[in-house]
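Trainee: Going left to right, the sequence shown walks through residues 1 to 238 as UniProt numbering numbers them.
Some hints here could point you the wrong way.
Stated by the list, open to error - With beta-carbon atoms standing in for the labels, derived distance ranges:
| id | residue 1 | residue 2 | range |
| --- | --- | --- | --- |
| 1 | E173 | S108 | 51 to 61 angstroms |
| 2 | K176 | H90 | 15 to 25 angstroms |
| 3 | C34 | S126 | 11 to 21 angstroms |
| 4 | N56 | H151 | 18 to 28 angstroms |
| 5 | K51 | G15 | 42 to 52 angstroms |
Simulated from the structure, these hints should not be mistaken for laboratory data. Glycine residues also receive a C-beta, built at the ideal position from the N, C-alpha and C atoms.
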Amino acid sequence: MGYRPLEIVIQSAQGLKYVNHVKKMKPYAVVFICDDNNNPISSMKTTAVDKDGGSNPKWNFPVKFNINIAKAQQNRHDLVVKLKSHHKSHSDKDIGEVRVPIAELLASCGDAEAEEDDEKKVISKSVVTLDGTSEEGTLAFSYKFGRTVEHPPAHRPPVQAPPRKSRRHKIKEAAKGFVEVVVGGLAVGVGGELVSEMMNGSSGPDAVPDGDDQNGDIPNDDELLSTVNGGKKIIPSS
Numbered sequence: 001m002g003y004r005p006l007e008i009v010i011q012s013a014q015g016l017k018y019v020n021h022v023k024k025m026k027p028y029a030v031v032f033i034c035d036d037n038n039n040p041i042s043s044m045k046t047t048a049v050d051k052d053g054g055s056n057p058k059w060n061f062p063v064k065f066n067i068n069i070a071k072a073q074q075n076r077h078d079l080v081v082k083l084k085s086h087h088k089s090h091s092d093k094d095i096g097e098v099r100v101p102i103a104e105l106l107a108s109c110g111d112a113e114a115e116e117d118d119e120k121k122v123i124s125k126s127v128v129t130l131d132g133t134s135e136e137g138t139l140a141f142s143y144k145f146g147r148t149v150e151h152p153p154a155h156r157p158p159v160q161a162p163p164r165k166s167r168r169h170k171i172k173e174a175a176k177g178f179v180e181v182v183v184g185g186l187a188v189g190v191g192g193e194l195v196s197e198m199m200n201g202s203s204g205p206d207a208v209p210d211g212d213d214q215n216g217d218i219p220n221d222d223e224l225l226s227t228v229n230g231g232k233k234i235i236p237s238s
């Protein structure tokens with residue numbers, strides 16, 4: 001029979017059981033599809049926390065599932081909405097849940113093989129406490145089935161944007177680049193002087209100057225002594 005996309009908007013809740021003793025209740029909803037063994041068969045979608053909603057939260061949270069029509073008509077799939085109260089200091093508290101057979105939603109749309117519904121249907125369901133002993137509050141949501149397809153669309157993971165760098169990290173990178181430029185400039189300056197000296201035949205302040213001395217005409221000891229002592233030869237004492 002194929003699959004039909006099911007588009008749901010979790011709109012709001014009214015008159016929820018107040019599970020907080022001191023602080024204001026901050027409700028949110030967890031939405032998923034489960035099988036007849038109560039095992040989730042879809043990803044779990046979570047609404048934002050309504051920090052000011054209390055017992056009457058609003059979300060208007062859209063979610064989409066791909067429904068196996070054959071299994072849904074066999075009453076093997078349920079839409080589940082778990083309602084919880086958010087806490088910072090300890091674990092979140094359960095408020096209750098809503099469970100609706102997908103077969104019931106399909107039946108309200110007529111032919112399971114029909115084309116895409118023109119309009120979303122809005123319904124309200126009672127919220128049952130987790131122990132199943134009472135109903136307290138209602139949940140309103142809208143739903144709409146899309147066109148039947150042979151296979152569900154392939155799941156494409158969302159493209160993640162690269163993490164934004166903090167201002168402190170940007171300043172650190174800029175400082176690092178500045179140091180590298182300064183150090184690199186010094187290295188180029190010193191290296192340039194060395195290369196220039198090598199090209200001119202000099203390797204430093206103590207290098208032998210260009211001239212006949214480099215061609216083998218090296219003065220003897222007498223010439224050196226004569227130059228240093230004004231032409232007077234020094235005779236070492238015995």
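Trainee: So, for every hint listed, does it hold in this structure?
Mentor: Now the hints, each set against the structure:
At about 59 angstroms, the CB distance of E173 to S108 agrees with the hint of 51 to 61 angstroms. At roughly 43 angstroms, the beta-carbon separation of K176 and H90 lies outside the given 15 to 25 angstroms, and the hint is violated. For C34 paired with S126, a C-beta distance near 18 angstroms keeps the hint of 11 to 21 angstroms intact. The hinted range of 18 to 28 angstroms is not satisfied by N56 and H151, whose Cβ atoms lie roughly 41 angstroms apart.
At about 19 angstroms, the beta-carbon gap between K51 and G15 misses the expected band of 42 to 52 angstroms.
The structure is inconsistent with the numbered hints 2, 4, 5, although it conforms to all the rest.
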